[in-house]
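When you get a sec, could you build the whole thing from the sequences and use the hints?
Going down the list, the protein sequences come from chains W and P. The numbers in the first sequence follow my numbering, run straight up by one, and end at 483. The numbers in the second sequence follow my numbering, run straight up by one, and end at 798.
Below, simulated DSS-like cross-link-like pairs (lysine-lysine); rule was C-alpha separation at most 30 Å, straight line:
1) P:Lys-596 - P:Lys-586
2) P:Lys-743 - P:Lys-689
3) W:Lys-414 - W:Lys-474
4) P:Lys-596 - W:Lys-79
5) W:Lys-226 - P:Lys-518
6) W:Lys-451 - P:Lys-743
7) W:Lys-451 - W:Lys-474
8) P:Lys-608 - W:Lys-79
Derived Cβ-Cβ restraints for the label pairs, each shown as a range:
9) P:Gly-648 - W:Val-478: 19 to 27 Å
10) P:Phe-559 - W:Leu-99: 24 to 32 Å
11) W:Thr-373 - P:Asp-599: 33 to 41 Å
12) P:Ala-505 - W:Arg-252: 56 to 64 Å
13) P:Gly-648 - W:Pro-89: 35 to 43 Å
14) P:Ser-503 - W:Thr-373: 50 to 58 Å
15) W:Val-478 - P:Thr-562: 47 to 55 Å
16) P:Gln-733 - W:Leu-369: 56 to 64 Å
17) P:Tyr-591 - W:Glu-430: 36 to 44 Å
18) W:Ala-141 - P:Leu-558: 31 to 39 Å
Just so you know, the hints here were simulated from the structure itself, not pulled from any lab data. Quantities reported herein were computed from a predicted structural model and do not represent experimental measurements. Ideal Cβ positions, reconstructed from N, Cα and C, are used throughout, including at glycine.
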Amino acid sequence: MEPVEPNGDGGAAMMPGAPAVALIKMYAAREEIYPREAKGRYATVRWACVWLTQLVFYGLPWLNWNGRQAILFDLAARKFYLFGLVLWPQDFIYLAALLIICAFALFLVTAVAGRVWCGFACPQTVYTEIFLWIERRIEGARGARIRLDRQPWSVGKVAKKSLKHVAWGLVALWTGFTFVAYFSPIHALLLETGALALESWAGFWILFYAFATYGNAGWMREQVCKYMCPYARFQSAMFDQDTLIISYDQARGEPRAPRARHDPVLATLAPGAAGDCIDCTMCVQVCPTGIDIRQGLQYECIGCAACVDACNSVMEKIALPPGLIRYSTGHALTRGLSVGAIRRRVLRPRVLVYSGVLALIVAAFAAALALRTPLKLDVIRDRGGMGREVEGGAIENVYRLQIMNTGETAHRFKIAVSGIESARLATPDEATLGGTATRALPVRVRVDHGKGQPGSNQIVFELTALDAPSLHVKEKAVFFVPR
Amino acid sequence: MADFTTGFWDGYITVLTLLSIAGCGLLLWSQSRYKLKLTPAQDGEAPGAAGTTGHIWDEDLTELNTPMPRWWMWLFYITIVFALAYLALYPGLGSYAGKLGWKSSGAYQAELKQADADYGPLFAKYAGQDLKAVAADPQAHAIGERLFMTYCAQCHGSDARGTRGYPDLTDNDWLYGGAPSVVKASILRGRNGQMPAMGAALGSDKDVEEVAHYVQSLSGQQADPIKIVFGKAKFGACMACHGAGGLGNQALGAPNLSDKVWLHGGSVETVMQTIAKGRSSTMPPFGDFLGDAKVHVLAAYVWSLSNQTATVAQQ
Numbered sequence: 001m002e003p004v005e006p007n008g009d010g011g012a013a014m015m016p017g018a019p020a021v022a023l024i025k026m027y028a029a030r031e032e033i034y035p036r037e038a039k040g041r042y043a044t045v046r047w048a049c050v051w052l053t054q055l056v057f058y059g060l061p062w063l064n065w066n067g068r069q070a071i072l073f074d075l076a077a078r079k080f081y082l083f084g085l086v087l088w089p090q091d092f093i094y095l096a097a098l099l100i101i102c103a104f105a106l107f108l109v110t111a112v113a114g115r116v117w118c119g120f121a122c123p124q125t126v127y128t129e130i131f132l133w134i135e136r137r138i139e140g141a142r143g144a145r146i147r148l149d150r151q152p153w154s155v156g157k158v159a160k161k162s163l164k165h166v167a168w169g170l171v172a173l174w175t176g177f178t179f180v181a182y183f184s185p186i187h188a189l190l191l192e193t194g195a196l197a198l199e200s201w202a203g204f205w206i207l208f209y210a211f212a213t214y215g216n217a218g219w220m221r222e223q224v225c226k227y228m229c230p231y232a233r234f235q236s237a238m239f240d241q242d243t244l245i246i247s248y249d250q251a252r253g254e255p256r257a258p259r260a261r262h263d264p265v266l267a268t269l270a271p272g273a274a275g276d277c278i279d280c281t282m283c284v285q286v287c288p289t290g291i292d293i294r295q296g297l298q299y300e301c302i303g304c305a306a307c308v309d310a311c312n313s314v315m316e317k318i319a320l321p322p323g324l325i326r327y328s329t330g331h332a333l334t335r336g337l338s339v340g341a342i343r344r345r346v347l348r349p350r351v352l353v354y355s356g357v358l359a360l361i362v363a364a365f366a367a368a369l370a371l372r373t374p375l376k377l378d379v380i381r382d383r384g385g386m387g388r389e390v391e392g393g394a395i396e397n398v399y400r401l402q403i404m405n406t407g408e409t410a411h412r413f414k415i416a417v418s419g420i421e422s423a424r425l426a427t428p429d430e431a432t433l434g435g436t437a438t439r440a441l442p443v444r445v446r447v448d449h450g451k452g453q454p455g456s457n458q459i460v461f462e463l464t465a466l467d468a469p470s471l472h473v474k475e476k477a478v479f480f481v482p483r
Numbered sequence: 484m485a486d487f488t489t490g491f492w493d494g495y496i497t498v499l500t501l502l503s504i505a506g507c508g509l510l511l512w513s514q515s516r517y518k519l520k521l522t523p524a525q526d527g528e529a530p531g532a533a534g535t536t537g538h539i540w541d542e543d544l545t546e547l548n549t550p551m552p553r554w555w556m557w558l559f560y561i562t563i564v565f566a567l568a569y570l571a572l573y574p575g576l577g578s579y580a581g582k583l584g585w586k587s588s589g590a591y592q593a594e595l596k597q598a599d600a601d602y603g604p605l606f607a608k609y610a611g612q613d614l615k616a617v618a619a620d621p622q623a624h625a626i627g628e629r630l631f632m633t634y635c636a637q638c639h640g641s642d643a644r645g646t647r648g649y650p651d652l653t654d655n656d657w658l659y660g661g662a663p664s665v666v667k668a669s670i671l672r673g674r675n676g677q678m679p680a681m682g683a684a685l686g687s688d689k690d691v692e693e694v695a696h697y698v699q700s701l702s703g704q705q706a707d708p709i710k711i712v713f714g715k716a717k718f719g720a721c722m723a724c725h726g727a728g729g730l731g732n733q734a735l736g737a738p739n740l741s742d743k744v745w746l747h748g749g750s751v752e753t754v755m756q757t758i759a760k761g762r763s764s765t766m767p768p769f770g771d772f773l774g775d776a777k778v779h780v781l782a783a784y785v786w787s788l789s790n791q792t793a794t795v796a797q798q
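Written out as structure tokens, the structure is:
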């Protein structure tokens, strides 16, 4: 018998006369995938997504707003600028809400249309697409690249490969630079980068992010989707038989029959003896994850529809109707549903629940953000003393008002206190705060002799901007009257 | 490191850690491939060729072999290399300190040093200036206020007006003197205010009460006129520190008894308590902890609280 080679390069040890031994490997080397360029409707959509997402990503840090960078996450100062909005660490709940919204949006989209996020908008797909484009410009199309990789090393091969990696490196470095520019003002960062005088952490993160981009989009590619991305593994929880998937119409395609256009033999065959699939393997060649969609839905499929584009162009060439591989659903294939029926089945409980939850969270998020007051007040009562007696027998308590003007405009604030009869401030009742500033203001509150009950009394501090009465906050505190 | 009384646990941890790492490596190596002996029945069937491991249960159940990518295996090996490098460089193996000599206390010191380097110049600018000039500087005032809120407000209150036993810093009544340099000395080196217990020296509770009434009369409070007369006669025991007229002595930190400021309370009962049992007050020294430059800014702030007219108008 022949030595068994289960997974590529290893061989099986065989000795004459001894029992046969097979070497089973639990790890296998990655096989290079050379995706053929797909052209068509979905490729156009994907490139539109690439342009859109990358214009936003590369462009946003360059925008200015009110004399500062429009989007800047200033980690050192703990201020997060988003156009007119300034978020403080206290607003972290908004980030949590945003992530929940993203998760539910992903669930909803997946339940309806499968992995369109993966195929069209995921950074892994987008950067791989950009890197593949560079690769094709330098090394040529699929066939040329396969031949180049099989060639022995030559000056031309070294030149092509070097050029490719340099080009990848430049894109990656620019991506890393842009990423860091979200955290550090871009103009200063550009000057520092140009002068190679970067602060060490900025330099580290530019290189790190560049390395991650280069590695993921240049080398790892589909490996990220297949082995690193958790989404690929739990998407099946959102799928059902009415979810749109890239599907090969087995009933129409099988049996596969390779042939040329208007094959004269074909006409002589009985109906159903030859399916529409001509086994040209174009769908396999364009697949960025290297699968054969004709084997049905597989976890590797990122829903990019490159095979749909490829198959449709082949169908057009051999004068058959398009859609042998198409977006369809499990039910549509087994029950022969029409497009209208597929659309009607979108409104099913799973989709409605996801939509309802998503709408609720989005509404709550928007309302919370719209009603948010860019002013915060914390009241810290001095614990050193319970309360002191001052002239006329009045009782005085001391508080520290932690005032945070989270907006960018300076304001003069009026401080008022209420809750006990005769409660008043013994310190100035106005305070000025600059934009995005914090101030700890010691104040003394005085209550006349005999007012309030001995022990704890609830009082309320109120802070109102003199120039904008709508900008106002209340905060409860305790006033202590000694027994 | 003397966390343990014997060296046994050091060895125990070291051996256990290294054995675990070696075990992980061994497991990884042994599980990444294996040889499958083919039974005569399987012989010729090419197990594994169809993507199976060759294991067959219950006659026809075969186990698919979908191998992990090889780079994933290398990641595992890299974690082992990382672990060994880490343990060589950093503390982790028992009491072995690591080649780099890293310590959490050292990291703290490095951060302190960095903070000093960052903010040092700011304080150095003021350290060379006269305290009154610093008090008039709005930026120094803001820094001083923050320092006060952090280090002083616990006792003296956020408003610096103190509470029973902790002096009010906003009035112009000073136990040890209100000159800027004296305020600074108080913060730098602290103060230890001792009022000795005079109960035994004065005699009975009646004697103490009479002295207390006299002391109250010094600041113009209502008091028993007869007790005042007797108390005045016995006040001699107090004069050594508080002076003949009870005006106090800032060199000793003896309070002025003729004003209306009472550190521990001004009622007859409290004053009697103070006289009979004495008082002990401590202002801790901040010089070693904060350093001279910070104390300089802080002293200027504290001084400015009772000298508002001398400083710039603060809101």
